[in-house]
Amino acid sequence: MNNEDIKGYLKKKKSSAFKRLISNTNLRWFELRFKNEIFTYKKSKSDEQYEKKFSFNSITNVTTELTESDTKMSSWKYGFKIVFKDHEMILFSESKRDRMMWLNGFRVMFQ
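Just so we're aligned, residue 1 is where the sequence shown starts under my numbering, counting upward by one.
In case anyone wonders, no lab produced these hints; they're calculated from the structure.
Misleading hints may appear alongside valid ones.
Dumping the calculated DMTMM-like pairs for lysine to aspartate or glutamate here, alpha-carbon to alpha-carbon at most 25 Å [what the hints assert, rightly or not]:
1) 72 - 5
2) 96 - 4
3) 52 - 94
4) 45 - 94
5) 52 - 88
6) 72 - 47
7) 42 - 4
8) 52 - 86
9) 42 - 5
10) 72 - 48
11) 77 - 48
12) 13 - 98
13) 14 - 65
14) 96 - 31
15) 43 - 70
16) 14 - 48
17) 53 - 68
18) 81 - 31
19) 13 - 65
20) 7 - 94
21) 13 - 37
22) 42 - 94
23) 72 - 37
24) 7 - 51
Cβ-Cβ distance ranges computed for the label pairs, FRET-style [claimed, not checked]:
25) 67 - 46: 30 to 40 Å
26) 107 - 36: 30 to 40 Å
27) 67 - 23: 13 to 23 Å
28) 104 - 21: 33 to 43 Å
For glycine and all other residues, C-beta sits at the position ideal for the given N, C-alpha and C.
Whenever a hint applies, use it, and build me the whole structure from the sequences.
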């Protein structure tokens, strides 16, 4: 693919209820890397190590349909959900424009 990678900060809903006792989300640096066909994130842009890497073929769907309780999880109001073969990840962008950038990137990935 000749598409430019999509990179930026998103807030990620924490995976366990216990971890959400302090706060509901973590700010993470995400990358949708077309050449390598991976979606990945790390704690900050400057970190050398990625926390997680997911191959494109592990992602089955991306949607903006969130539960009412999920929409209240973050001060960043533009949420979307990534559905993997074995789990889901809820992310929030700071602006509607940023969310559209990510959603369009995932649409290209599915082509």
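Hints, one by one, checked against the model:
For the given pair, residue 72 sits about 29 Å from residue 5 by alpha-carbon distance, which is inconsistent with the 25 Å threshold. At roughly 20 Å between alpha-carbon atoms, residue 96 and residue 4 fall within 25 Å of each other, so this suggested pair holds. Proposed proximity of residue 52 and residue 94 is supported: the alpha carbons are some 22 Å apart, at most 25 Å. Distance restraint check for residue 45 and residue 94: the Cα-Cα separation of roughly 16 Å lies within the 25 Å cut-off, and the hinted pair is therefore satisfied.
Note on residue 52 and residue 88: the hinted pairing holds, with a Cα-Cα distance of about 14 Å set against a maximum of 25 Å. The suggested pairing of residue 72 with residue 47 is violated, with an alpha-carbon distance near 29 Å, which exceeds 25 Å. For the proposed pair residue 42 and residue 4, the alpha carbon gap of about 19 Å is at most 25 Å, so the pair holds. Only pairs whose Cα atoms come within 25 Å are accepted, and residue 52 paired with residue 86 is accepted, the gap being roughly 14 Å.
Of the pairs offered as hints, the one joining residue 42 and residue 5 holds, with about 15 Å between alpha carbons and a cut-off of 25 Å not exceeded. Restraint check: the Cα-Cα separation between residue 72 and residue 48 comes to about 32 Å, which exceeds 25 Å; the hinted pair is violated. For a cut-off of 25 Å, the pair hint linking residue 77 to residue 48 is broken: about 29 Å separates their Cα positions. For a cut-off of 25 Å, the pair hint linking residue 13 to residue 98 stands: about 17 Å separates their Cα positions.
A threshold of 25 Å between alpha carbons decides the hint, and for residue 14 with residue 65 the separation of about 18 Å falls inside it, so the pair holds. Distance restraint check for residue 96 and residue 31: the Cα-Cα separation of roughly 18 Å lies within the 25 Å cut-off, and the hinted pair is therefore satisfied. Between the alpha carbons of residue 43 and residue 70 the distance comes to roughly 22 Å, so the proposed pair stays at or under 25 Å and holds. With a CA separation close to 22 Å, the supplied pair residue 14 and residue 48 stays within the 25 Å bound.
Distance hint between residue 53 and residue 68 is unfulfilled; the C-alpha atoms sit about 28 Å from each other, more than 25 Å. The hinted pair formed by residue 81 and residue 31 meets the criterion: a straight-line CA distance of about 15 Å does not exceed 25 Å. A distance of roughly 15 Å separates the Cα atoms of residue 13 and residue 65; the hinted pair therefore holds under the 25 Å criterion. Between the alpha carbons of residue 7 and residue 94 the distance comes to roughly 13 Å, so the proposed pair stays at or under 25 Å and holds.
Between the alpha carbons of residue 13 and residue 37 the distance comes to roughly 23 Å, so the proposed pair stays at or under 25 Å and holds. Note on residue 42 and residue 94: the hinted pairing holds, with a Cα-Cα distance of about 18 Å set against a maximum of 25 Å. Between residue 72 and residue 37, the direct Cα distance comes to roughly 31 Å. Violation of the 25 Å bound is thereby established for this hinted pair. Annotation: proposed proximity of residue 7 to residue 51 holds, straight-line Cα distance about 15 Å (limit 25 Å).
At about 34 Å, the CB distance of residue 67 to residue 46 agrees with the hint of 30 to 40 Å. For the hinted restraint 30 to 40 Å between residue 107 and residue 36, the CB-CB distance of approximately 18 Å leaves it violated. Between residue 67 and residue 23 the beta carbons are some 19 Å apart, a value that agrees with the proposed interval 13 to 23 Å. As the Cβ distance of residue 104 to residue 21 is approximately 35 Å, the hint placing it in 33 to 43 Å holds.
In terms of the numbered hints stated before, the structure departs from hints 1, 6, 10, 11, 17, 23 and 26, listed from lowest to highest.
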